[in-house]
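A.B. asks: Using the UniProt record's numbering, the first residue of the sequence shown is number 1, and each one after it goes up by one.
You may find that some hints are simply not true.
As the list claims (entries may be wrong) - Dumping the calculated PhoX-like pairs for lysine-lysine here, alpha-carbon to alpha-carbon at most 20 Å: (1) Lys110 with Lys186; (2) Lys68 with Lys251; (3) Lys12 with Lys110; (4) Lys127 with Lys31; (5) Lys186 with Lys68; (6) Lys165 with Lys31; (7) Lys186 with Lys33; (8) Lys33 with Lys110.
Honestly, the hints are just simulated from the structure, not real lab data.
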Amino acid sequence: MAVSLIFALIIKGYAIPELTSENWQNFHYDKAKFPIFPMLFITIACGAISGFHATQSPLMARCMKNEKEGRKVFYGAMVIEGVVALIWAAISMSFFGGVRELGEVMVAQKGNAAWVVNEISNSLLGKFGAILAILGVVAAPITSGDTAFRSARLTVGDLLRFNQKPIRNRLVITIPLFAVGFLLTKINFDVVWRYFAWSNQTLATVVLWTITVYLFRKRKPYWITLLPALFMTAVVTTYIMLAPEGFALSKPISYATGFAVTALVFSTFLFYTRNKTDD
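Please take these sequences and the hints and turn them into a complete structure.
C.D. replies: Below is the structure:
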């Protein structure tokens, strides 16, 4: 679906905007509220790093015949998702004539991403192609939602030590979860997405620190995950301090808090891992 759209974009002669030193700036229509750091690294949740993917590791591991397949499955999935994210970013900017124009469209449509997908798909691929493209876009949240509800049910069941084998017991947990999900649909999606994105990246940060400790104790090159763990700690902390849906603090306080928390977590890591490598 994404590949067909990018080919249609090129064949029809749309110009894809290029990032140069002259246009290296924040193109968001509300720059004051959404600075590049940390907002950009929360906005692209799942397209670059995803805590939600990490939660699905136990489920996907059961589908693999050999542990060696893990790299293809997990790393490959993230690479593909990143490519899809880049394709949609390129298409959205090109189709409407540029980054600024895309921002104006999003303001006019009140941040309705579904309208953008429908408009682009119908224009580039026609009605039949648009149906396939939209199905592809819809399939992702449907399957993700299914997996999220299942994971939530299993997590709650384990937490309460509630046997999940009987169908009745599953419904006891599932129905309230569906009710919460339904209520969330009544909230502005733009706001819900930002909360999801932040929690997703926060979970990814926790997983990065977990892997870092594991690699350290196994005497393996732990810096591979330490560096992104430090960066993401600063991102998620600064975001929740600065964001309108967070504490909405000033930039100096938010940045200082993000740096301080990152330094504290790093110091804790150094203290905890001291003399704790596995022989």
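A.B. asks: All hints, please: hold or fail.
C.D. replies: Results of checking the hints against the structure:
no.: 1; hint: Lys110 with Lys186; verdict: holds, 15 Å
no.: 2; hint: Lys68 with Lys251; verdict: violated, 45 Å
no.: 3; hint: Lys12 with Lys110; verdict: violated, 28 Å
no.: 4; hint: Lys127 with Lys31; verdict: violated, 36 Å
no.: 5; hint: Lys186 with Lys68; verdict: violated, 43 Å
no.: 6; hint: Lys165 with Lys31; verdict: violated, 51 Å
no.: 7; hint: Lys186 with Lys33; verdict: violated, 24 Å
no.: 8; hint: Lys33 with Lys110; verdict: holds, 16 Å
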